[in-house]
Amino acid sequence: MAQTIDLCDEYGIIYEAIAVLPNNELKLCFLEALAELESRECHRTRQFPKTRLHRVTGVKLAIYRADIDKISGWRIHVQYINKQIHLKDIIEGRRHDDVLNVIKSKKSRYE
Amino acid sequence: MDVLIESTQKFEDDIDRLSAIDKATVIQSINDCVAQVTAQNIDTSTDMYQLLLRSLPDEYISSLYVLRVTQEIRIVLAIDEDPIFDRIIWTLFRVTDPSREHMAYEEIAEALYKELAPRSPRAFVTA
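Read top to bottom, the protein sequences are chains A and B.
Note that our numbering has the first sequence beginning at 1, numbered continuously upward.
Note that our numbering has the second sequence beginning at 1, numbered continuously upward.
Incorrect hints may appear among the rest.
Claimed, not checked - Taking lysine to aspartate or glutamate pairs in the DMTMM-like style, the calculated list, with each CA pair at most 25 Å apart, reads:
hint, chain 1, residue 1, chain 2, residue 2
1, B, LYS114, B, ASP82
2, A, LYS60, B, ASP82
3, A, LYS104, B, ASP32
4, A, LYS50, A, ASP69
5, A, LYS27, B, GLU115
6, A, LYS83, A, GLU32
7, A, LYS83, B, GLU59
8, A, LYS60, B, ASP32
9, A, LYS60, B, GLU106
10, A, LYS70, A, GLU32
11, A, LYS107, B, ASP86
12, A, LYS106, B, ASP32
13, A, LYS70, A, GLU38
14, A, LYS50, A, GLU25
15, B, LYS23, B, GLU12
16, A, LYS83, B, ASP82
17, A, LYS60, A, ASP6
18, A, LYS107, B, GLU12
19, A, LYS60, B, GLU115
20, A, LYS107, B, ASP47
21, A, LYS107, B, ASP13
No lab work stands behind these hints, which were simulated from the structure alone.
Model, not experiment: these values are computed from the prediction.
Extracted from the complex, chain A is given alone in its bound form:
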């Protein structure tokens, strides 16, 4: 079985990332993030320690946020379609809006 799942870049996000990421360290982080996103093992275990892959809230389309670098806040948006990861956007770090801060998480029932 292949070690990776398909990673698609029809919008040129890799090209854009190399242009906009301000230093080589972040470019390396971006490469590491891509490697994690296409790792079949990460998808099997649902563990994404580097990218902290998380569903973007509030839209019906299944878009996910993946960290490039936690400190700077640079991240990418990806879409999951037919077991493929499609790169959608690269976003510069900014202060996370307080209204979105999740502080509590429960399975199945709110308590």
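Add chain B to chain A, keeping to what the hints say.
For chain B alone, coordinates are given in the frame of chain A:
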């Protein structure tokens, strides 16, 4: 699919300000909804509705809803299918009253959707 219920600081602050009876009613209402409502039948629910949004880019459909708990209590929440993690996420944002539900809804939408505004034209694939 598993269900994950997440709540924000503002939601927890809002619910803590309620009376014990109202708080219990809100909790029961949330849990009843989680048990009955799915991403497929949500649009036919009589207790859940959406408000018009100015802040959402055209290519998206909002998953923000208002849950009518009582005549005086509303919850603003989002319901999102999460196929990578095989679950549905309910995110509880605010508890409010009917006179302030629009303001709360719009404030949340603005915060959620500001980083979705495209910087260059891109088409999103719909499954």
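Non-conforming hints, listed in increasing numerical order: none
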